[in-house]
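Since the structure of chain A is provided, determine the placement of chains B and C on it from the hints.
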Amino acid sequence: MVDTAFYINKGPLTLQKVSELTGAELKDPSKSSTVIHNIAVMGKAGAGDICFFYDKKAKEKASQIEATACITTEELADFVPDDVVKLISSDAKRAFLKLNMAMYDEKSRGFGIAESAKISSSAKLGKNCVVGENVVIEDDVVIGDNCFIEHGAVITNNCKIGNNCRIGVNAKVSFCEMGDGCYIFAGAQIGNDGFGFMMIDGKHQRIPQLGRIIIGNDVEIGANACVDRGALDDTVIGDGCRIDNLVQIAHNDIMGRGCIVVSQTGIAGSCTFGDYVVCGGQTGFADHLNVGSGAQIGAQSGVMQDIESGAVMMGYPAQPIKDFMRQALYLKKALKNK
Amino acid sequence: MVDTAFYINKGPLTLQKVSELTGAELKDPSKSSTVIHNIAVMGKAGAGDICFFYDKKAKEKASQIEATACITTEELADFVPDDVVKLISSDAKRAFLKLNMAMYDEKSRGFGIAESAKISSSAKLGKNCVVGENVVIEDDVVIGDNCFIEHGAVITNNCKIGNNCRIGVNAKVSFCEMGDGCYIFAGAQIGNDGFGFMMIDGKHQRIPQLGRIIIGNDVEIGANACVDRGALDDTVIGDGCRIDNLVQIAHNDIMGRGCIVVSQTGIAGSCTFGDYVVCGGQTGFADHLNVGSGAQIGAQSGVMQDIESGAVMMGYPAQPIKDFMRQALYLKKALKNK
Amino acid sequence: MVDTAFYINKGPLTLQKVSELTGAELKDPSKSSTVIHNIAVMGKAGAGDICFFYDKKAKEKASQIEATACITTEELADFVPDDVVKLISSDAKRAFLKLNMAMYDEKSRGFGIAESAKISSSAKLGKNCVVGENVVIEDDVVIGDNCFIEHGAVITNNCKIGNNCRIGVNAKVSFCEMGDGCYIFAGAQIGNDGFGFMMIDGKHQRIPQLGRIIIGNDVEIGANACVDRGALDDTVIGDGCRIDNLVQIAHNDIMGRGCIVVSQTGIAGSCTFGDYVVCGGQTGFADHLNVGSGAQIGAQSGVMQDIESGAVMMGYPAQPIKDFMRQALYLKKALKNK
Chain A
1 MVDTAFYINK
11 GPLTLQKVSE
21 LTGAELKDPS
31 KSSTVIHNIA
41 VMGKAGAGDI
51 CFFYDKKAKE
61 KASQIEATAC
71 ITTEELADFV
81 PDDVVKLISS
91 DAKRAFLKLN
101 MAMYDEKSRG
111 FGIAESAKIS
121 SSAKLGKNCV
131 VGENVVIEDD
141 VVIGDNCFIE
151 HGAVITNNCK
161 IGNNCRIGVN
171 AKVSFCEMGD
181 GCYIFAGAQI
191 GNDGFGFMMI
201 DGKHQRIPQL
211 GRIIIGNDVE
221 IGANACVDRG
231 ALDDTVIGDG
241 CRIDNLVQIA
251 HNDIMGRGCI
261 VVSQTGIAGS
271 CTFGDYVVCG
281 GQTGFADHLN
291 VGSGAQIGAQ
301 SGVMQDIESG
311 AVMMGYPAQP
321 IKDFMRQALY
331 LKKALKNK
Chain B
1 MVDTAFYINK
11 GPLTLQKVSE
21 LTGAELKDPS
31 KSSTVIHNIA
41 VMGKAGAGDI
51 CFFYDKKAKE
61 KASQIEATAC
71 ITTEELADFV
81 PDDVVKLISS
91 DAKRAFLKLN
101 MAMYDEKSRG
111 FGIAESAKIS
121 SSAKLGKNCV
131 VGENVVIEDD
141 VVIGDNCFIE
151 HGAVITNNCK
161 IGNNCRIGVN
171 AKVSFCEMGD
181 GCYIFAGAQI
191 GNDGFGFMMI
201 DGKHQRIPQL
211 GRIIIGNDVE
221 IGANACVDRG
231 ALDDTVIGDG
241 CRIDNLVQIA
251 HNDIMGRGCI
261 VVSQTGIAGS
271 CTFGDYVVCG
281 GQTGFADHLN
291 VGSGAQIGAQ
301 SGVMQDIESG
311 AVMMGYPAQP
321 IKDFMRQALY
331 LKKALKNK
Chain C
1 MVDTAFYINK
11 GPLTLQKVSE
21 LTGAELKDPS
31 KSSTVIHNIA
41 VMGKAGAGDI
51 CFFYDKKAKE
61 KASQIEATAC
71 ITTEELADFV
81 PDDVVKLISS
91 DAKRAFLKLN
101 MAMYDEKSRG
111 FGIAESAKIS
121 SSAKLGKNCV
131 VGENVVIEDD
141 VVIGDNCFIE
151 HGAVITNNCK
161 IGNNCRIGVN
171 AKVSFCEMGD
181 GCYIFAGAQI
191 GNDGFGFMMI
201 DGKHQRIPQL
211 GRIIIGNDVE
221 IGANACVDRG
231 ALDDTVIGDG
241 CRIDNLVQIA
251 HNDIMGRGCI
261 VVSQTGIAGS
271 CTFGDYVVCG
281 GQTGFADHLN
291 VGSGAQIGAQ
301 SGVMQDIESG
311 AVMMGYPAQP
321 IKDFMRQALY
331 LKKALKNK
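Those protein sequence lines, which keep their order, are chains A, B and C.
Going by the numbering used here, the first residue of the first sequence is number 1, and it counts up by one from there.
Going by the numbering used here, the first residue of the second sequence is number 1, and it counts up by one from there.
Going by the numbering used here, the first residue of the third sequence is number 1, and it counts up by one from there.
Calculated directly from the structure, the hints in this document are not laboratory data.
There could be a bad hint or two in this list.
It does not matter which identical chain is meant; a pair holds if it fits inside one copy or across any two.
Computed cross-link-like contacts, DSSO-like style, restricted to lysine-lysine with a CA-CA straight-line distance of at most 27 Å [to be verified]: (1) Lys333 with Lys322; (2) Lys57 with Lys98; (3) Lys336 with Lys322; (4) Lys61 with Lys98; (5) Lys332 with Lys322; (6) Lys93 with Lys27; (7) Lys17 with Lys127; (8) Lys336 with Lys59; (9) Lys57 with Lys127.
Pulled out of the complex, with its shape left as it was, chain A reads as follows:
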């Protein structure tokens, strides 16, 4: 049950309304005025709740549903108890998303531009921006409309941020141009110097890092993640990328559109990713690699060579996932036979 201390419940909704919002068909039209107050997970839903059932492995659990109503598929509907009102959807997961968005909201940000925010007189903010306490916005920064800059965030000089962006608590954005609809999570560090040195007389002399970070539209970068700016050229994150918490993206990495990079993955410098690449958690990439569009790399893989488009890889060193699984099996058998 969603806690109204933290979220707004826009309900209750009649099942008629639920059907309209989700496109799910109400099997028994006589129930169209039945009212639901909350979405809940299957095992916890009770009277007044609606739940979703689209996981084929959860048939037994489904038989114990105590919710008032359940959105499910044609195929799975018979596993739901008879006294639960059923709504049938061809895409129950998407119906979940739609109802979820219709029924709940985060609480309003509740403040305008905090007096404690330090905003340079040369910075430009669009309409309806919310700026939290102790935010610092340096000279010549340009921020679009409807942006939410959370407490303690720092945006250094000359950065450009599009419309509808959100910069999390104590995050830093520097040397950066960012499109619309981006969400930089709390504590993320965008735009630090890349890790580049040259050994001169026994000292690791820093190579000045003179590039930028170019972030497309609709990009998310997770909490405490780090994206370093380029050396001469830029680090680039394409439209629609989703970068999870604690990820490291090094200087001059270039990511295409819609890539998903799960938590704690590290990508060394000058890698180039195509579109819709998916990296499992804790994956590592050596520098200067090319990873083709649609490639999928399993969690904890150590990638040392280029990866072709559409390849599914795993292991340390990374190899086709089939081979990784076969090797694990081979070793298991080899030991059994000893």
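Leaving out everything else, chains B and C in the frame of chain A:
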């Protein structure tokens, strides 16, 4: 030697007092009025210091102890030079802890509620709280007695924090209910949206994250660690858990009591841990796994399947640690024979 | 091309000047008054730009250079088109560094000591320090000359910081003595309690952490990295070390001079590193290990035993890199033959 620039030395103490505090028996009662001024590590302890010797592998080092006194075990006492006053303890490590706590303290926090702190008028703070500079405490937050909210920390609306808690520098706590005696370290990010998306028309559409984070009593969460809030249900961290720095805990993870999660471990969404699970550093867990009570998972393991209670696992993929070690040996031999 | 929104371009420069600055020899002295305005990467350099070519694998790319001038080696010069002015250097990479530093600079910090900074009256700052917004400097802190303390950074009581240091946005420095020329990046957490517990009556009782962090000269510690303070003794980072983003260094680790620790590496407690050790990204070290000077450990390695000076290791568990590679090959072959 403990630096009194940073810590308070509550000594000196007579060996009589040391014996009382630790339960260690002073072999030579004539030394009961001998005074010690500091605890020091074996190799650095000198006149006026007391050291501890309970590591059986350090017998040679022990023979060179120059401390005034040494707490050790009956079994190891003979390895300590004769001119060092010996105190015998059946649990010398615990004696160390006790003397340590009796002899030293961190310096006082030295401030009350900083004027620069922004505390909502609807927030409630208990007695004797210390609130640092630039702290932000939003609407309807409830904080218990004797809490220490360090500089720059942010606690967002409606969070509940128990008694005797400490929230570190620049940490963020949101969507959270926390028990007593918890310590959230500097830069930790508690309560961000989980990493959940659905692909719709080529876009990764965010699934609203509407759950909370429920933290028990006596929990520690390390520096720059991230704990995401649940999707519909909650993310739960049980009593007495110890989460190290840079750990990632994803949405809807549920941890039992007393779990230890070492640095840089990542736990994907919807995992359920029993009590007293121990994870070595950099371990990774796939989503939706069950890990039984008392299971121990070696560092850097990649866990892809459920783990039974009490199992000791290691490897990538994780397997019984015995098998992991045997495989490493098998491969070594196979190459030698070639 | 370097974006002058973010950086200062100190050019243009004549090729005569470029030759003087870099030591590279201008093959055709008649071009000495030709002017260049920017350094650019080979594939993007055009009229008015200078580029560098010293990567032997880039010969084909070099044949398409459109820059006005190119610094390259004697050996590679013939691969550069004839209409590009060539400068010959015996160390073209170092020439790049020199020209880079001569031609560009970061923009001035643009502020003195921010009014919002909270600096204890007992703290001492040297000459020409820059202190950002909302910085907190506690009692008895001593900071040298020419230091740059960025917005939101926190330096807790009694810390000592040398000359020419930079403490990044929202970083925390505590229980620390630091030499000259250090750069602590944004969000780094220096000086938290080490992760040390003792199980007493079913509870993980924290062992008080009473040591310090001693950082030498010319040390860099990356964004969101964590360095814990020692238990009784100190955690030590030697001169010239380079620690990358999101690295974990635990209590009582001791690093020699000039070590390089790449992103997301984790070093458990009480390890001792010699000088110039290099760790690839995501490497893990068990506690109490000795790693000899000049050792190199490949990315994602799991180190469970001491490493000798100069050894080159890789794998999980870590082994000589030659063996790691041979094992990978062996497994590949074994499966092929099945």
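Outcome of the hint check:
1. Lys333 with Lys322: both (17 Å within a copy, 15 Å between copies)
2. Lys57 with Lys98: Close inside one copy (23 Å), not across copies (52 Å); limit 27 Å.
3. Lys336 with Lys322: Both: 21 Å inside a chain and 13 Å across chains, each within 27 Å.
4. Lys61 with Lys98: The answer is within: 23 Å in one copy meets 27 Å, while 50 Å across copies does not.
5. Lys332 with Lys322: Classified as both: same-chain Cα gap 16 Å, cross-chain 12 Å, threshold 27 Å.
6. Lys93 with Lys27: within (18 Å within a copy, 68 Å between copies)
7. Lys17 with Lys127: neither (34 Å within a copy, 49 Å between copies)
8. Lys336 with Lys59: neither (36 Å within a copy, 41 Å between copies)
9. Lys57 with Lys127: neither (48 Å within a copy, 51 Å between copies)
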